[in-house]
Each structure stands twice: as structure tokens, then as C-alpha cells.
Amino acid sequence: MITTAPALERALERLAQRPGGRVGVAALHVESGERMLLNPDAAFPMASTYKVPIAVAVLALVDRGRLALREMVTVQTGDFVVGGTIGDRLRPNEVAFSVRLLLERMLIESDNSATDVLLRLAGGGPAVTAHLHAAGFAGMRVDRPTAAIIAESYATPFPDDPPERWAYFERAKLAEGLDVPADAAARYEQTDADLTTPAAMTALLERLHHRDSTLLSRESTELLLDVMARCTTGGNRLRALLPAGTPVADKTGTFGGTANDVGIITLPDLAGHLIASVYIRGATAGVAASERTIAEIARTLYDYALFVAARNA
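FYI, the numbering for the sequence shown is 1 to 313, going by this note's numbering.
None of these hints come from the bench; they were simulated from the model. Yeah, the Cβ is synthetic: ideal placement off N, Cα and C, and Gly gets one too. Careful, some of the hints might be misleading.
Said to hold, decoys possible - Pair ranges (Cβ atoms, derived):
(1) A42 with Q76: 38 to 46 Å
(2) A148 with G245: 34 to 42 Å
(3) R10 with G245: 27 to 35 Å
From just these sequences and the hints, can you work out the full model?
Quick look at the structure:
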């Protein structure tokens, strides 16, 4: 069943006016099959939500025996990328982290250093994209490490030499010595790289929810969803207006005018599960307005899903 009730569609369209830019929503009440949609097939920059498909690609290698969660990976100071806590442990020497810990840091706190190391282990963006397309997610692509995304958006050459690279990102982290161009956000959103449709992300989350063994083993899926349930970056987004204690497994993404949150919400009283992917690009009202929009959309979807569950009981 693919429906968006007229009243719900009007509510979503009204909320989508608030942040400026464009809003995309693809939500699914799993048990009824009812979908709630707004621009579901439009392309949006994933920002850090692309860490979910990267995690899927890494765990697929674990399932095939090509990687192990306990395998230790050497991370050097030249691997440091602003955003997260991994870099705080790299100076002055290299440090070894397990694949599992890198996955946790990537998904729980959105650590960019961990992300780029895992993307490298997965074979890079083209390999991850090929894996996604082979699995049926044609509306999603991963192209660049976070270091390249940041450097390209800032229109600043990214140093190859590790010490210079460290200094580059220290300047970015401290907002000193780096002139951020006013059009950095626009430059990021104009690229054709690292995009998804809301529908494609929801399809990926749906297969994870169903523990689809053609995507990942049950053990790997349980691990991924458990880690996503511990996400610390989404308190003002999907979770913000839901009843306290509502289980949510999600991943956020933010860059300039882009603000996203995607996840699986467990409804109360055996009402089932709500999968929601909410994307905003080109927002002009600021991050706080985008976050509030995501929160209000999530609550609207949540209330409608409860209505659907009660109607079908």
C-alpha cells in the first residue's frame, strides 16, 4: 500500500515551508505497509547519513570473512579529520582501533576520522556504491571520504602530507587561519556526489528492520541497529518531540543548509514500527529551524502511524 492521506500531505507541505530550501520525506508504517511521502524520489545530499550505507558495506565484508570486528586497524595522525573524538587520541603517535570501535564511533558520535578509515577498508566510495546498487539501492551513492567533502566544499586544497593535514584540520576545528567561503554550503549541495533519495534510504532501513539475510547476517544487522540506537547527535531531530523513552535507532547528517535524520522508531502498545527518512537541503533559516522541522515532521508521522495502527487493529 502506497498512500499519503491528503490531510497528512498538507501537514507535511506546511511544515516543509519553514526551513526554506527543499524537504524530502519517505516514511513507512511497517506493519500496515502504509507510506507517508513528500518528494520521496528527489535527490538530497546525505551528509553523515551516508555512514549507514558505509556501515552496511563494512559489515558485509565481515559477513564474508574479509574483515573481523575484532581486527585492529592502525590509525595515524594523517588520518585525522575534524569532527569526532578519534583524533584526540592520535597525537602524537598512531593508535590501533578495532573495526567494531570504529563502527561505533562513526555511528554514535558521527566521527569523521573513523568514517574515512572504514570507507578505505570497504574499498572506497565506488566499491560501496557498487555494493549498494547490487543490493537494489539504485537511488543512493557514496563517493568521497569526509576529508575530501570538507576540503572541496571549503575550496581549500587538502594536503597530502600528514603533518600539514593535521595542521589544516586543527585550523578548521578551531576556526583559526581558515577562511570559509560564504558559498561553501552551496558548493556542497551542488555536487552530484554522495546523494540519496529519501525513498532509497527508507528502503535500506526497511531491509535492516526485517533482518534481510540477503543484505546482512542477522548478527551484523542486530549490531548495526543496536549501535544506531545509541546515536548521540539526534536529540533535536527525530527524537525531539516523541514521548520520552521512545526507542529510536537513527543517524543524522548536517552540512551547511543540509540537515537530515533517518531511523527506525518503535511505536508503543504493539502499534508496530515507523521508518522515517527526513532530508532538508538548501535551508535558509538556519540549523535550529531545520532541526525543529525534522522534529515536527517526525511527530506528525508518529501520530499518523498510531492512527493507522489503531484503524487496522
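Do the Cβ positions of R10 and G245 conform to the proposed distance bound of 27 to 35 Å? Given a distance of about 30 Å, which is inside 27 to 35 Å, the answer is holds.
For the hint 38 to 46 Å, verify it against the beta carbon of A42 and that of Q76. 39 Å Cβ-Cβ, so the 38 to 46 Å window holds.
So the hint says 34 to 42 Å: do the beta-carbon atoms of A148 and G245 match that? holds (39 Å)
In summary, the structure agrees with every hint in the numbered list given earlier.
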